[in-house]
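Enquirer: Each residue of the sequence shown is one higher than the last, beginning at -4 in the working numbering.
Honestly, the hints are just simulated from the structure, not real lab data.
For clarity, every value in this text was computed on a predicted model and none was experimentally measured.
Treat the hints with care, as some may be off.
So the derived label-pair ranges between C-beta atoms look like this [what the hints assert, rightly or not]:
| id | residue 1 | residue 2 | range |
| --- | --- | --- | --- |
| 1 | Q45 | E67 | 22 to 28 angstroms |
| 2 | N29 | A50 | 29 to 35 angstroms |
| 3 | N(-2) | S30 | 34 to 40 angstroms |
| 4 | Q6 | E26 | 26 to 32 angstroms |
| 5 | A(-3) | E26 | 50 to 56 angstroms |
| 6 | A(-3) | I25 | 49 to 55 angstroms |
Backbone N, C-alpha and C define an ideal beta-carbon position, used for all residues, glycine too.
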Amino acid sequence: MANQLTVDYQQLLDRIEALESRNAFQDDVIEQLNSELAIHQQEISEFKQQIRLLATRIKSVNPETGLRPQDEPPPPHY
-4 MANQLTVDYQ QLLDRIEALE SRNAFQDDVI EQLNSELAIH QQEISEFKQQ
46 IRLLATRIKS VNPETGLRPQ DEPPPPHY
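Whenever a hint applies, use it, and build me the whole structure from the sequences.
Expert: What follows is the structure, given as structure tokens:
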């Protein structure tokens, strides 16, 4: 009986050690993912700013001439 308790106790210790090892691994993975997420969020923010700038430029360009409306010469009847 005492021998069985020793075996059960050792099995529990082994399981606890395995769980602690998995937990440490998962903590490391979570930290890596968190770091990557922060990088991606920064990149997305930069991309949004670039898109806003491009949208502003596109809106200010006349599609037929490529000129901004204020750069076009006045019509001939003026």
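Enquirer: Taking the hints in turn, state whether each one holds.
Expert: Going down the list of hints, with the structure as the test:
no.: 1; hint: Q45 / E67: 22 to 28 angstroms; result: holds, 27 angstroms
no.: 2; hint: N29 / A50: 29 to 35 angstroms; result: holds, 32 angstroms
no.: 3; hint: N(-2) / S30: 34 to 40 angstroms; result: violated, 49 angstroms
no.: 4; hint: Q6 / E26: 26 to 32 angstroms; result: holds, 31 angstroms
no.: 5; hint: A(-3) / E26: 50 to 56 angstroms; result: violated, 43 angstroms
no.: 6; hint: A(-3) / I25: 49 to 55 angstroms; result: violated, 42 angstroms
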